[in-house]
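As a plain string of letters, each chain reads:
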Amino acid sequence: MKNFFNIFKKEVKELLTKQLLLGLVFMMVMFGIMGHFIGGIEGEEAKPINLAVLDLDKSSYSENILETLSKQENLIMERITEADTQKAIVQAKEKGNKVLLVIPENLEKNIKEMKRTDLEIYSIIEAIGIKGMKAFSGSALNLGINSVSKGISTGFIKEAFPDKNPESIINPLNINEFVVVKDKINPGSPAIIAGLIISQSIMIPVILMMLILYAGGTVMTSMASEKENKTLETLLTLPVKRISIIIGKMSGAAVVALMMAAVFLGGFRYYTSSVVPSALDGGTILENLGLTMTPLSYILLGISLFLAILIALAGCMILGMFAQDTKSAQTLNMPIVLLVMIPYFLLMFQDIGTLSLPMKMFVYAIPFAHPIIASKALLFGDYSMVLGGIVYMVIFAVAIMYLAVKLFNTDKILTAKFSIRIFKRQKNLN
Amino acid sequence: MTKALEVENLVKDYGDFRALKGISFEVNQGEIFGLIGPNAAGKTTALRIISTLLRITSGQVKVFGYDVAKQADEVRKTISYLPEEAGAYKNLSGKNYLEFIAEFYSENKQEKIELLDKGIELAKLGERLKNKVNTYSKGMTRRLLVARALMISPQLAILDEPTSGLDVIISQEIRGIIKGFVRQGTTVLLSSHNMLEVDFLCDRIALINQGEIIETGLPRELKERYQAKNIEEVFIKAIR
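Here the protein sequences line up with chains E and W, keeping their order. With the numbering used here, letter number 374 in the first sequence gets 374, and the count goes up by one each step, no holes. With the numbering used here, letter number 41 in the second sequence gets 41, and the count goes up by one each step, no holes.
So that you can see chain E by itself, here it is in the shape it has in the complex (with noise of 0.2 Å):
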């Protein structure tokens, strides 16, 4: 224990560089401009839109429509007194309106012989970007147009029918839709139900990229860099166990990776929390239908998610014996990342259930699937599948560690590197 204490201290040591804390300062101050910009841009939003209007109709309903629009909050309504779009369309640029609005002159004689008039609406664009953008989501001016436009009909079904109600003439037919799940029933759609869960499980697979990611990285990296500095071989001569030296290299690199995943996730959280300032409360949604994680299914979902980072880390371990420098480390992670990769996109939208049978297979093959899979599972109580999950990963992580250990005591640690030829490791080692 003695010294596997002391070997995890040198690697947080060796590992926290004044390098490394001065990129975690400027990842958090990235995130924190980052999420401040979006915010702005997302404060602009509640700017109203300056709209210009030409009247070619000038009727009463021409009127009604504008006065609707004029009541319309995010709306700053001008009139243009031009003859032809065209020329309205040059006022409009000249007076910094964005959107154009005009209306025809056959207005009115359309809505007496109950026909359909196309109202125009004209965009002003002048520079593409989010910030630019958004001078154009013209949900006043729809709402405004839309609403005319029904009291327009229903002014008609009650001329036609006084004693009905023209909201059932308009829309004869309403759904209400409701979610079971097992024995509890609330109102809701299921498409509301399945974003509201993705958006609730989405971080932990992102967390778990994040840590593997980091976690591996750094772990490589480490043993990469005892090769490159040649200090592996004084360390193997140690009276330490090899177990010692891979779960104190693996501990100082997760703790480190934790810390550097905790930042990452903090801003990053804090970046998406400005570009999605309120998420859908479904809270009480998800609780009335029971899909909500109990202390034990946190307690589950760690553990699963602590035997994938230890594997992770043990193979990341392995691949690192065959990196001579910590340059050629940082490409030698691939095979782990796309082993995360793949549950990740795959699990991220659909369920492992609707998998074909091979796929899912493969799927359940790879450990860093088990920690996503659960975190969908544990919402709906079904703990035989992630403890399933728990045992596959628990034999994989033995036989992985076993395996690291083993390759620890052989000579592969020493002279094993990708395309090797003999007379030349031979030169090395002498």
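Check before you lean on any hint, since a few could be wrong.
Partial selection, computed: residues in chain E whose CB lies under 7 Å from chain W [claimed, not checked]:
(1) Asn6
(2) Glu14
(3) Lys18
(4) Glu78
(5) Glu82
(6) Asn171
(7) Val206
(8) Asn229
(9) Thr231
(10) Thr234
(11) Leu236
(12) Thr237
(13) Pro239
(14) Val240
(15) Lys412
Below, a list of computed lysine-lysine pairs in the BS3-like style, where the Cα atoms sit at most 30 Å apart [to be verified]:
(16) Lys406/E x Lys130/W
(17) Lys13/E x Lys132/W
(18) Lys179/W x Lys13/E
(19) Lys90/W x Lys70/W
(20) Lys71/E x Lys230/E
(21) Lys3/W x Lys179/W
If you're looking for bench data, these hints aren't it; they were derived computationally from the structure. Computed from a predicted structure; not experimentally measured. Note that CB positions come from ideal geometry on N, CA and C, so glycine has one too.
The hints should help you fit chain W onto chain E, whose structure is shown.
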């Protein structure tokens, strides 16, 4: 006389290449034994096997009676290995590095402090010990590594080219340190292709060439046998 090291018919293959072709030699306790030969003769392979780093293809190696293949953990408690191109952890200070090593060999805090003090004394780096290793010159790093290897007073110190690439002053200093440790009871097995160094340091030597030991004996005896002025001449005559 107690044997510090017994090497018997040691063979090491790397795939189809035979790096060691059944070498045998013994090192007595308290002596400095030199394994002498040109580059790629098999010196480093032999030292790595004795240091428990490489596996034996055939033959037997015993360090103070412990079988290297079967009792590697016990062997590691008795040896200290200094590889030819060894480095130290660049982001640690020299002192932190010595502390890291001392921790493995001490049972309590007092022992650790004693080992550390010895390391500091051997390294002779003064205030620079507080600086990170990546600020050290090659000579300073080597001094730190020699201090690391010897501060634990190993029963058997295995030193691969201990003064390789160093200037004459630092080389002399390091040779002096090695001699001093032998007087205190440490046995030294070293490899070198610097024949003058060998002449100065070693009590007995073995000449190794292309994976085979071609001569073993006292430097003086070998010089007489080959009627040579120095070991370099002995080596040239021996391989003809």
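Glu82/E was flagged as interface toward chain W. Is the shortest Cβ-Cβ separation under 7 Å?
Result: violated, 72 Å to nearest chain W Cβ.
Interface hint status, Pro239/E versus chain W (Cβ within 7 Å)
holds, 4 Å
Is the shortest C-beta separation between Asn171/E and chain W less than 7 Å?
For Asn171/E, the interface hint is violated, since the closest Cβ of chain W sits about 70 Å away, which is over 7 Å.
Given hint Glu78/E near chain W, where the shortest CB pair must fall under 7 Å:
At about 65 Å, which exceeds the 7 Å cut-off, the nearest Cβ of chain W leaves the hint on Glu78/E violated.
Interface restraint verdict for Asn6/E against chain W (beta-carbon cut-off 7 Å):
Holds: closest Cβ of chain W sits about 4 Å from Asn6/E, inside 7 Å.
Lys406/E paired with Lys130/W [C-alpha distance capped at 30 Å]
Not satisfied, since the Cα-Cα distance of roughly 37 Å exceeds 30 Å.
Tell me if the straight-line CA distance from Lys90/W to Lys70/W falls inside 30 Å.
Given that 30 Å is the threshold and the Cα spacing comes to 34 Å, the pair is violated.
Quick one, is the Val240/E hint okay against chain W at 7 Å, beta carbons?
holds, 6 Å
Taking 7 Å as the limit, does the beta-carbon of Lys18/E come near enough to a beta-carbon in chain W?
Hint on Lys18/E: violated, closest Cβ of chain W at ~9 Å, above 7 Å.
Interface hint check: Leu236/E, Cβ to nearest Cβ on chain W, cutoff 7 Å. Holds or violated?
At about 6 Å, which falls below the 7 Å cut-off, the nearest Cβ of chain W leaves the hint on Leu236/E intact, so it holds.
Per the CB criterion, is Glu14/E less than 7 Å away from chain W?
At 5 Å from the nearest chain W Cβ, Glu14/E passes the 7 Å test, so the hint holds.
Taking only the CA atoms, is the gap from Lys71/E to Lys230/E under or equal to 30 Å?
Status violated; Cα separation ~76 Å.
Of the numbered hints given earlier, the model fails hints 3, 4, 5, 6, 7, 15, 16, 18, 19, 20; all others are met.
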